[in-house]
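If you count by the working numbering, then the first sequence holds residues 484 to 973, one letter each, in order.
Careful: at least some of the hints might be erroneous.
With a Cα cut of at most 27 Å, we get these calculated DSS-like pairs of lysine-lysine [as the list claims (entries may be wrong)]:
| # | residue 1 | residue 2 |
| --- | --- | --- |
| 1 | Lys498 | Lys941 |
| 2 | Lys972 | Lys962 |
| 3 | Lys628 | Lys644 |
| 4 | Lys941 | Lys962 |
| 5 | Lys653 | Lys498 |
| 6 | Lys653 | Lys497 |
Derived by calculation from the structure, the hints in this document are not laboratory data. Predicted, not measured: the structure shown is a model, and the values here were computed from it.
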Amino acid sequence: MNKDKIFIYNTLHKKKELLEPITPGKIGLYVCGPTVYGEPHLGHTRPAITFDIVFRYLKHVGYQVRYVRNITDVGHLENDADEGEDKIAKKARLDQLEPMEVAQFYIDSYHFAMDKLNVLRPSIEPRASGHIIEQIEMVQQILEKGYAYVSEGSVYFDVVKFDQDFGYGKLSGRNLDEMISNTRTLDGQDEKRNSADFALWKKAAPEHIMKWNSPWSLGFPGWHIECTAMSTKYLGDHFDIHGGGMDLIFPHHESEVCQSTVANGIESVKYWMHNNMITINGQKMGKSLNNFITLNQFFTGDHPLLEQAYQPMTIRFFILQAHYRGTLDFSNEALQAADKGYKRLMTAVATARELSPTEGAENIGIQKIMDECYDAMNDDFNTPITIAGLFEAVRITNSIKDGNLKINKEELTLLNQLFQAFVFDIFGLLESELGGDDQLVDGLMQTIINIRTEARAKKDWATSDLIRDELAKLDIVLKDGKDGTSWSKK
RNA sequence: GGUCUCUUGGCCGAGUGGCUAGGCACCGGUCUGCAAAACCGUCUACUCCAGUUCGAAUCUGGAAGAGACCUCCA
């Protein structure tokens, strides 16, 4: 395995870099998780699946990986309100629920959807509300080191001072002077020394529900401190990979760089990875744009933009067909294409298990395909190229089944290993939904197929076609092959 | 307005200075009682203009269009 040759595109340096773990054999991975104040939507799947693949692949090649993905259940401010207001709290007031009740509800929704998509649970899934103490301690450290100041009960990070000493904007490529000169007037900026400063702790307004005691005020943590506090706690001062959506580069991740540089005395993250967005009609899909489709709507097909329901695995495959750093445009046509491709792949995977080897058959290059798949994954997790390799294997599998090609025993074993490794272990695709996993249904289907086979033997096409047509109404497709009839769900 | 990115065939999407991924759709063929599936084949692109080069879709410059970030957002 080419475990020593994985290249990752590092946003910090805008180029692909060889992955060299800080501790040999071990990887610390932190990914910004969901803010749990709404239903999980298609946009949430991109980072979840992107980093699920990273997690799975690194483990597959032999690394011991600790994957930390947080849950933000506190702290993000809502800008369209007159005053800064905690998102969770706002939703809670509208719904007349406890804030934590709302958070719990959406955490459960998120987990339910991610389970359906076969996204592995991270090693640790810390909640921001459970780490208020750690966040307060980190704010204190930053204050003690002189890179923050207290103002009206709130604490702000002194970006100007940071820029002088360390240089600001390394990750997002932003220039502080330009930023300051371009600043728009926003509410509450009078408390800050400079418009570019960001909050580490915010004093809560009287009507604010979620708030905690701190040395400075009854309030809540700033927008960015939770990730720095939690990543430091579970992965240490210096860890390997920090991931998230591209839209988080600024200001969220840039602020994390500031915080960790000061609090930990080191730029904590070695490789920054950012996934691109999913677009809909060329536009970003997002809650605030009101053009998002929840995952549940995908699973049920209940949305004006959806022509049909889509299986979770179709969505997973759809996402894997694009490279994670490119935008991916949603459309029914694209999803339906993904659905068909996914089913063709899974059918071939099942077929491959049933193939028989031919003694002395010539080598047909399975090892080469295997190598190409690993090379593609090692090249910044290039799943589309890997999929192209898998479809080459699909073509070979089907050709063998049709008797147009022969395979020897060694290569047949390798072929099945290829599918097992990439389709299941690394891509995390499931085949259960294709049917055939229910003994009762299998038995019933076999009986029906037997009756039809008899009818066909008697050239009773009326009965034969009736059975096929009736089953078709139930979305069950019969396939008459040389070695009998098989079936699958549409 | 500032910063940045992108523009590939009917659709989705890789990629590289020359040998032109892959999926889906379409069309033709094989197979089939007829289908479906499968296999084989066909079609074959790189926004525009100029430059560098023996050779560019790939490098450089310019134009047009689209998008992202600058404000919560995956």
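| query | Under the criterion that the straight-line Cα-Cα distance not exceed 27 Å, is the pair Lys653, Lys497 satisfied? | reply | 10 Å, holds
| request: Decide if the proposed pair is consistent with the structure: Lys498 and Lys941, CA atoms, cutoff 27 Å inclusive. | output: Not satisfied, since the Cα-Cα distance of roughly 67 Å exceeds 27 Å.
| query | Within 27 Å, alpha carbon to alpha carbon, are Lys941 and Lys962? | reply | 19 Å, holds
| query | Is the straight-line distance between the alpha-carbon of Lys972 and that of Lys962 27 Å or less? | reply | Within the cut-off at roughly 11 Å; holds.
| Are the Cα atoms of Lys628 and Lys644 separated by 27 Å or less? | 11 Å, holds
| Agreement of Lys653 and Lys498 with the hint, judged by alpha carbon distance not exceeding 27 Å | 14 Å, holds
Comparing the model with each earlier hint shows a violation of hint 1 alone; every other hint is respected.
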